[in-house]
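Residue numbers (the working numbering), protein chains in the order written: chain F, 189 to 568; chain W, -10 to 454.
Warning: the hint list may mix true and false statements.
Said to hold, decoys possible - Derived DSSO-like pairs: lysine-lysine, alpha-carbon spacing no greater than 27 Å straight-line:
#1 W:233 / W:197
#2 W:432 / W:337
#3 W:252 / F:194
#4 F:194 / W:254
#5 F:546 / F:403
#6 F:194 / W:337
#7 W:233 / W:252
#8 W:382 / W:343
#9 W:106 / W:307
#10 F:450 / W:113
#11 F:403 / F:416
#12 W:252 / W:197
Don't read these hints as lab results, they were simulated from the structure.
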Amino acid sequence: MKLTQKDYDEIMNCLRCGFCIPSCPTYAALGTERASPRGRMFLIRAAHEGRLPLSPNLALQIYQCLDCRTCMVTCPGGVRTDQLFAKAKQAIAGGEFLPASLRELDERIHESGNISGEENENRLLWRQNLESPSEQKDDVAPDVLFFVGCVASLYPMAYAVPQSLAEIMKAAGLRFDTLGAEEWCCGYPLLAAGLPVDEVLERNVARVKASGAKKLVAACPSCFHTWKEFYPDIGVEVLHATELVAELIREGAISFKEMNKKVTYHDPCDLGRKADVYEAPRQILEAIPGVELMEMESNHANSLCCGGGGNIESLDQTLSWTMADNRLTQAQSLEVDAIVSSCQQCERTLNAAARRQKSRLKTLDIVQLVRMAMNGATPT
Amino acid sequence: MDDSQLSRLAHIVGEDRLLTSPEDLFCYSYDSTQMPLHDLPGAVVVPLSTEEVAATMRLANELNFAVIPRGSGTGLTGGTIPLPDAVVMDLSRMNNILEIDEENLTAAVEPGVITDKFQAEVEKKGLLYPPDPASSSISSLGGNVAENAGGLRGLKYGVTEDYVLGLEVVLPTGEVITTGGKCVKDVAGYNLTGLLVGSEGTLGVVTKIFLKLIPQPEAKKTMVAYFPEIDDAASAVSSIIAAKVIPSALEIMDQTTIRYVEKFKNLGLPTDAGAMLLIEVDGPGASIADEISQVSEICRSQGAGEVTVARSDEEAVKLREARKGALPALARVRPTIIMEEISVPRDKLATIVKEIGDIARRHDLEVAVFGHAGDGNLHPNYMVDERDEEEMKRMEASLMEIFEATLALGGSITGEHGIGIKRKHLLPRKAGEAAVATMRAIKKALDPNNVLNPGKIFLEEGVPT
């Protein structure tokens, strides 16, 4: 696995001090040096130096990193583990040691346009139970293009998220549209696997351009982060749902009835550490009367990954589950009624952990909470 | 290692806790020491009990393989770097806090407990475990014991050995002994606890540690002072102690460090200052306000330009940022940072810092110094590129000169990082031949087959000093 000189220099910044180890969620789950950022950096270095041959086991070590970037928060050397893992994964993905589950994911996305390999028309199903259709029927370009994302549009248990956001935008008088069955996977799982994304990006860019919208909002932080960092600039402002909703609240376009709920907020990796959006969701929670926020021990930039990122679920379900259990345990130490997050993958992962642990502590998306507060619906 | 040896190890720890994949072996071939790393161990075992540790040591003597005990692998002198084909014994999963005894103010822990985690637990009970090495978020208590780790609180509170009441140890030959115990005072027989603390994993594998705790001080106050010259800062350090104020932290940073921290963090630090002192006092709320005023006055009278006392916890955090930012700032200057350390009598502080500067300049190298001014323990940090052989040769040469200068001032080649591999060649120079011979005799008595962490502390026999 050959890196460029620049990347090799970057690895040399690693002092092997080990400060990254206490916060790495995979190390917490697996308890061994090779499952730590320090260990993985050394393995990549050894592979580059020709001392360690590429193998399925080495590939597994690299892919077990979920790219949560908690290591980058504590690293004294400022090592760009994000870039190094991306390069290492690209080097592996081009060869025979790409894990089979990721090769299959690649095929599904390119054949069907989504992560689950089902008919892309299924992306229309979440809208069926809405009171009124959400897409524009006239020729005027929408104010906002709502990029729904695979999880929200294809996993029925997540339908409440796009439904809630649609209702919020409607109530605020925003004209919005979606790409419907023409929406393709944003490309994040491919990037996380080190696989090429050009085709996927091109398709989505063409369709968003065709919509005429000047604002794109995503409720999924992975879609949001991918659009912001990897998509070309097409003159469209890219927002996460929490940023849009916080803006609507500031403008007075939404108002709330009183709720009575103690919640904690789980910062998703892709929204927090990767996109630096920590305050918009907290501003929303603050704006809802009667909602009390209690922070978990690991919050903001120190937030603990839910275990749902970086294709880990496809690759190593047990590891993913252990990390989810660890995060749920943190939330359970607080006396809260619910966990609120802003990522449908985090919500899925944490709710699955609650089911496994037979816990009543459910996770809901912040837009669901906003919608409940708007209509005065009784919190569950 | 051959299959029959591996299967005997698997018999002790089980297949799951015997690691032999190349990926695992590579990950146990390093610690935090910056040095060329070529050798892979033969295997890694991860014991969960004293019995498994003892059985491994017995097997090591029977089959004649080396055992390298390891906590978190964050040492700075190569203490856990394996020989080829050695068995690394990873103690990080023996990580239970066995007891915190609030009546006796003691605790019992397994060696793999992380220092910070232990400190957090005792602090919940209003108690304090003072030794605070900079690596405390990741270093293990077993590692702290092996190296007799220090930290910022060393001047006022002492170091690891001052808090170890007793140990359970597996000797290199496999016997299990207990030294000391929970008593405040215990002089039954030789002080084996004292011998073992700081023995760098060469005289025994620690499997339980009995620690002393103290009540948490009521309050803490933080301040920083910037001085035009290093001499002024050093004089302030002496004057503070002469005034019988013993701060709980008394850290110094030289100008090079200040400049790089400012470049990295933009805190508005005075970059023409010769040195910075970070000073903390802790104790009863009633007295520390007076103490910190006294210290500020002393700093001003010794020529400090800028003196800031934190008025709140938030401000204290901000003041500590410069010192906390020292390592991150220096680590970004060049690909490699070599964190060295020396120890001098406190009154020689300014002299050694200036000599380090001169030596570095003569060898065309950049060195930044920060450290524990209160106890004379300093960290000269080299900013180099370990792939540049020529530069590394100059670094080694300059380091020898720094050690010679340190010894000439009555100092020591190590205050807290230990001998390990890195300072083997210097030990005879510092301790003298007779003392080293005594140490060797003890080692031979306890480890006749030289299986426990060989190649550390002592030069191989017959190698000239």
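Structure-based check of each hint:
Under the criterion of a C-alpha separation no larger than 27 Å, the hint pairing residue 233 of chain W with residue 197 of chain W is inconsistent with the structure, at around 37 Å. For the proposed pair residue 432 of chain W and residue 337 of chain W, the alpha carbon gap of about 34 Å is over 27 Å, so the pair is violated. Of the supplied pair hints, the one linking residue 252 of chain W and residue 194 of chain F holds, its CA atoms being roughly 22 Å apart against a limit of 27 Å. Of the supplied pair hints, the one linking residue 194 of chain F and residue 254 of chain W holds, its CA atoms being roughly 24 Å apart against a limit of 27 Å.
With a C-alpha separation of about 41 Å, the suggested pair residue 546 of chain F and residue 403 of chain F falls outside the 27 Å cut-off, and the hint is violated. Between the alpha carbons of residue 194 of chain F and residue 337 of chain W the distance comes to roughly 43 Å, so the proposed pair goes past 27 Å and is violated. Between the alpha carbons of residue 233 of chain W and residue 252 of chain W the distance comes to roughly 36 Å, so the proposed pair goes past 27 Å and is violated. Distance hint between residue 382 of chain W and residue 343 of chain W is fulfilled; the C-alpha atoms sit about 22 Å from each other, no more than 27 Å.
Between the alpha carbons of residue 106 of chain W and residue 307 of chain W the distance comes to roughly 24 Å, so the proposed pair stays at or under 27 Å and holds. For the hint pairing residue 450 of chain F with residue 113 of chain W, the CA-to-CA distance comes to about 25 Å; that is within 27 Å, so the pair holds. With a C-alpha separation of about 12 Å, the suggested pair residue 403 of chain F and residue 416 of chain F falls inside the 27 Å cut-off, and the hint holds. The hinted pair formed by residue 252 of chain W and residue 197 of chain W fails the criterion: a straight-line CA distance of about 45 Å is larger than 27 Å.
In summary, the numbered hints that this structure violates are 1, 2, 5, 6, 7 and 12.
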